[in-house]
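Take these sequences, add in the hints, and give me the full structure.
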Amino acid sequence: MKRFVIPAAILVAAVAFSGCGKKQTASTGTTGAAKAKWVIGMSQCNLAEPYRVQQNKDIAEEAAKHPEIRVVFKDAQNNSETQQNQVKEFAQLGVNLLIVSPKEGRPLTKPVADAYKAGIPVVVLERQLVGDQFTCLISPDNVQIGREAGKFLVRTLGGKGSIVELKGLMTSSPAQDRHSGFMEGIKGSKLTIVFDADCAWLEDHARREMNSALARFPQIDAVYGHNDPSAHGAYMAAQQEGRGREKTIKFIGIDALPTEGVRYVRGGILSATFQYQTCGKEAVQAALKILGGERVPKLIRLGTRIYTKENVAKGGEKL
Amino acid sequence: MRLRRRSVPCKQLSSSRQGSAVLRLRRTKPAPDEIAGGSKQLGGQRRWTLDALDAYRGLIAFIAVFILGVIFTPRSLETGLPVFLSLRTQLDILYEYSEYGLLATGMTLVILSGGIDLSVGSVVGLCAMLFALLTIGLGWSMAGAVPVVIVAGLAAGAVSGTLISRFRMQPFVATLAMMVAARGFAKLVSGGAKVQPAAERWYAFKQGTPHFFRWMTQSLPGVVLQPCTILFLVSIVVMAVVVRYTTYGRRLYAIGGNEEAARLSGIKVGWNKVATYALCAGFAALAGIVNACRQDMGDPEAGFGFELDAIAAVVIGGTSLMGGRGGMMLTLIGVLIMAYINKILSLNAVPIAPRMIIQGAIIAIAVLIQQQRRR
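Just so you know, the protein sequences line up as chains B and R, in that order.
In this text, residue positions in the first sequence follow the working numbering: the first is 1, and each later residue adds one.
In this text, residue positions in the second sequence follow the working numbering: the first is 320, and each later residue adds one.
Just so you know, not all the hints are guaranteed correct.
Stated by the list, open to error - Quick partial rundown of chain R residues pointing at chain B, CB under 8 Å, derived from the structure:
#, residue
1, LEU396
2, PRO401
3, ARG407
4, GLN409
5, SER509
6, GLU519
7, ALA523
8, GLU578
9, GLU579
10, GLN614
11, PRO619
12, SER665
13, ALA668
14, PRO670
What the hints assert, rightly or not - In silico DSS-like links for lysine-lysine, alpha-carbon gap of 30 Å or less:
#, chain 1, residue 1, chain 2, residue 2
15, B, LYS309, B, LYS190
16, B, LYS88, R, LYS525
17, R, LYS587, B, LYS117
18, R, LYS506, B, LYS298
19, B, LYS187, B, LYS160
Treat the hints as calculated values from the structure; they're not laboratory data.
Just so you know, even glycine gets a beta-carbon here, dropped at the ideal spot from N, CA and C.
Below you can see the structure in the form of structure tokens.
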């Protein structure tokens, strides 16, 4: 019996391995099943957030329109070091272009700079690296989005009221920017933030924090969620409270993914959501230009759109 | 530390009636990495061949993984050469797993003593933060910062160890508490932001990070390996010697094999446990320094979930979670197997879902093999 265990185990491992390996080569064609002129490596920092899933989807959809390119995706599972490794691996593989959606700017600066110096163009999405050793950065403007959110609440509440702010992970720059932008937006009005909490972008954290806010403050006029799930979680908490406060409080969120924020606005859960573009389509377009020998600007800033009950059917309104 | 020859707890055990349980256990089931000595005492051809197989089992598994890597290597789009077989890839594998390797080294000690340490991932985060704050923020020299960070790690481990030995908490619970608390401390030290140059106005470093950060992560001229990798390799080899040849090492096996018998035979179980958890967290502190150097900043979220990889590496190597059986060299093989599997999957851009399934299957298979061996 004993004698068979190791070979059997190794066999099982080998079969499991080869099965996956083969499926992989078939789907991404690493060995060149489908002849594409250019191979693009895409390192995504994690696929746990819906926003990032959508980003990958947008890239894949846009790339599917162009048979001359093929995109190989890797998921760094929210670990900067894994992402460093992936950038190195892509460079070693000799891809024609790199798209990186960094978890954090600084750790990726060096591997990206190494690839860039070795002649591989790098398109960075969303997060600024240190220095300028990359080809192009495509990014929405979180400060602007936060400011617009603030102004929207000033308008709808008539310049005064109590606000609950459910923040994203405050050690990350998007959350810091969404907060500082919002503070700019409400400056000069009588809006006050009566309660705020770091909800790490997570709906169930937001729901819990909102429960505390509801218990402490009889009068809440609006909830500003740093992302749509937070705002949605807050709505659910208010609904669960059973005093009908979900109807009087204005809930606003950010991101406006078709599967989340926009749907919540349509359903009357959120008063407004502000689009944070995934950059996916723009990334592929920029990549094609670079590969075709055209020059692209170093920084491509993407605007935002507001979705409210009135304009959601028309696809929002550009701000 | 005294050498084994001088105090020889095992021989003392054999003469004391109470300790004989430990000895019997160890006689019939020798730790695989000491089979050469153990099996000679036992004699018996059949026993010896099985033991020999034991010793090489990990190595065979590793070779199998390596062959898989050779078969499934992608080829460079420029040169057409297999990427997996390049020297750079091989060195990268060690470098990329040096942090997990350091954690697994400490974890092996704890697991040999029959415990578990869930807090190492958080201690990595805490120590990475502390190291970045002292060097980037306050501008300390490495000679000051490194010892302070290591002491912080040792202290965290000593607290867990004390909770376990003095207050009789289960290791799982005590280190779970430390896991949560250390993460909290990491966030406290961070002041709510990642520590990188110019993140705060008063930081000593405004532009780049200290030279040490770069030095740790770049291959040394002439040696090829990076100091991070060397730190891991030296640590695991030193601890392999400690575990095999020192009194402390023998006591670890005795405590893990049968704690009560070890206590009755005069081993200070409490102190040894505190020392073991402190050492484990000390290695986590080293991993924290490596982490800060590799990330080029201090991230309070660093090391999240690392404890699971460390435990998996130890288990895949063949050290028993029940304690008292296993060894450091087995862990080295376990770390290598994990590192190579990860690299092969990553090189082939295997999506996360099947990758996690494969990793789970491999851990299960490794444990199955272990159980088979025990019969």
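Outcome of the hint check:
Checking LEU396 of chain R against chain B by beta carbon gives a least distance of about 4 Å; that is within 8 Å, so the hint holds. Residue-level restraint check for PRO401 of chain R is violated (minimum Cβ-Cβ distance to chain B is 11 Å; threshold 8 Å). Hint status for ARG407 of chain R relative to chain B: holds, with the closest Cβ pair at about 7 Å, below 8 Å. At a threshold of 8 Å, the smallest CB-CB gap from GLN409 of chain R to chain B is about 12 Å, leaving the interface hint violated.
Checking SER509 of chain R against chain B: minimum C-beta separation of about 7 Å stays under 8 Å; hint holds. Taking 8 Å as the C-beta cut-off, the interface hint given for GLU519 of chain R is violated, the closest approach to chain B being about 13 Å. Because the smallest distance between the Cβ of ALA523 of chain R and any Cβ of chain B comes to about 16 Å, over 8 Å, the interface hint for this residue is violated. For GLU578 of chain R, the interface hint is violated, since its Cβ never comes within 8 Å of a Cβ in chain B; the closest pair sits about 30 Å apart.
Proximity of GLU579 of chain R to chain B is violated relative to the hint, the smallest CB-CB distance being about 31 Å (cut-off 8 Å). Evaluation of the GLN614 of chain R hint against chain B yields a held restraint, the C-beta minimum of about 4 Å falling below 8 Å. Against a cut-off of 8 Å between C-beta atoms, the interface hint on PRO619 of chain R holds, since the closest Cβ of chain B lies about 6 Å away. Against a cut-off of 8 Å between C-beta atoms, the interface hint on SER665 of chain R holds, since the closest Cβ of chain B lies about 6 Å away.
Given hint, ALA668 of chain R at the interface with chain B, holds; its Cβ is 5 Å from that chain's nearest Cβ, closer than 8 Å. The beta carbon of PRO670 of chain R comes within 7 Å of a beta carbon in chain B, closer than 8 Å, and the hint placing it at the interface holds. A C-alpha spacing of about 25 Å is found between LYS309 of chain B and LYS190 of chain B, which places the hinted pair at or below 30 Å, so the restraint holds. For the hint pairing LYS88 of chain B with LYS525 of chain R, the CA-to-CA distance comes to about 27 Å; that is within 30 Å, so the pair holds.
A distance of roughly 58 Å separates the Cα atoms of LYS587 of chain R and LYS117 of chain B; the hinted pair therefore is violated under the 30 Å criterion. Annotation: proposed proximity of LYS506 of chain R to LYS298 of chain B is violated, straight-line Cα distance about 34 Å (limit 30 Å). Between the alpha carbons of LYS187 of chain B and LYS160 of chain B the distance comes to roughly 11 Å, so the proposed pair stays at or under 30 Å and holds.
When the structure is compared with the earlier hints, violations turn up for hints 2, 4, 6, 7, 8, 9, 17 and 18 and for no others.
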